[in-house]
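Asks: Each residue of the sequence shown is one higher than the last, beginning at 1 in UniProt numbering.
Read the hints as simulated data drawn from the structure, not as lab findings. Cβ atoms here follow ideal geometry from the backbone N, Cα and C, with glycine treated the same way. Check the hints yourself; a few may be wrong.
To be verified - Here are the computed distance ranges between Cβ atoms for each label pair:
#, residue 1, residue 2, range
1, Asn121, Gly14, 42 to 52 Å
2, Gly9, Arg82, 23 to 33 Å
3, Arg6, Glu150, 44 to 54 Å
4, Pro149, Asn121, 41 to 51 Å
5, Trp148, Phe21, 17 to 27 Å
6, Tyr107, Ala22, 46 to 56 Å
7, Tyr107, Pro77, 16 to 26 Å
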Amino acid sequence: MSFLWRNKGKILRGSMYAVQFACFAHVFNQYVAELTFCMGPSMLPNFNMTGDIVAVEHVSHHFRGYQMGDVVVCISPASPGRAVLKRILGMPGDHVCVDPTAAERKYIDVPAGHIWVCGDNLSNSTDSRFYGPVAMGLIRGRVFARIWPETRRVENPLTPVDANTYFTR
Numbered sequence: 001m002s003f004l005w006r007n008k009g010k011i012l013r014g015s016m017y018a019v020q021f022a023c024f025a026h027v028f029n030q031y032v033a034e035l036t037f038c039m040g041p042s043m044l045p046n047f048n049m050t051g052d053i054v055a056v057e058h059v060s061h062h063f064r065g066y067q068m069g070d071v072v073v074c075i076s077p078a079s080p081g082r083a084v085l086k087r088i089l090g091m092p093g094d095h096v097c098v099d100p101t102a103a104e105r106k107y108i109d110v111p112a113g114h115i116w117v118c119g120d121n122l123s124n125s126t127d128s129r130f131y132g133p134v135a136m137g138l139i140r141g142r143v144f145a146r147i148w149p150e151t152r153r154v155e156n157p158l159t160p161v162d163a164n165t166y167f168t169r
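Hey, can you work out the whole structure from these sequences and the hints?
Replies: If you want it as structure tokens, here you go:
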């Protein structure tokens, strides 16, 4: 008898465990969290130009939604085969300045179901200033940690404004 025939039960069991693990890893990667490699100058100085591995979660938007200031990974509207890492600077209904560095300021209202994203390095970023508002359906997830080269949490630096403090009716 051959080795395979004698150990077919062990081989079959091991194969089933491998398939179950692969299915679990796929579901976890698609619906819970994933690690993504990102590189480029658009998010300097908060992310490295030579590349970072970041942890992206897919769950919190179901509970708290995306918020202005969150760093997200989304599919580029200009190059659908490419993912981009950007910061949310406008939410649906917001009135945003298209390019604050331009001499002539132009404003746009972010439509429902869309966000306005920009790189932290405005002088070297292709973002909503070039391709317009991004549909929320193109968001893959929110970045919550940088894993490599230096491990640290990615936090939202913006704090909510209390309308009662700044505005009177």
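Asks: Hints first: check each against the structure and report whether it holds.
Replies: Here's how the hints hold up against the structure:
1. A hinted range of 42 to 52 Å holds for the C-beta pair Asn121 and Gly14, which are about 49 Å apart.
2. Between Gly9 and Arg82 the Cβ separation comes to about 46 Å, which falls outside the hinted range of 23 to 33 Å.
3. The hint said 44 to 54 Å for the Cβ distance between Arg6 and Glu150, and at roughly 51 Å that hint holds.
4. A C-beta distance of roughly 18 Å is found between Pro149 and Asn121, which places it outside the suggested range of 41 to 51 Å.
5. Taking the beta carbon of each, Trp148 and Phe21 are about 24 Å apart, inside 17 to 27 Å as hinted.
6. For the pair Tyr107 and Ala22, the supplied restraint of 46 to 56 Å holds, since their beta-carbon distance comes to about 49 Å.
7. Checked against the hint of 16 to 26 Å, the C-beta distance between Tyr107 and Pro77 comes to roughly 20 Å, which is consistent with it.
When held up to the earlier numbered hints, the structure conflicts with 2, 4 and fits the remainder.
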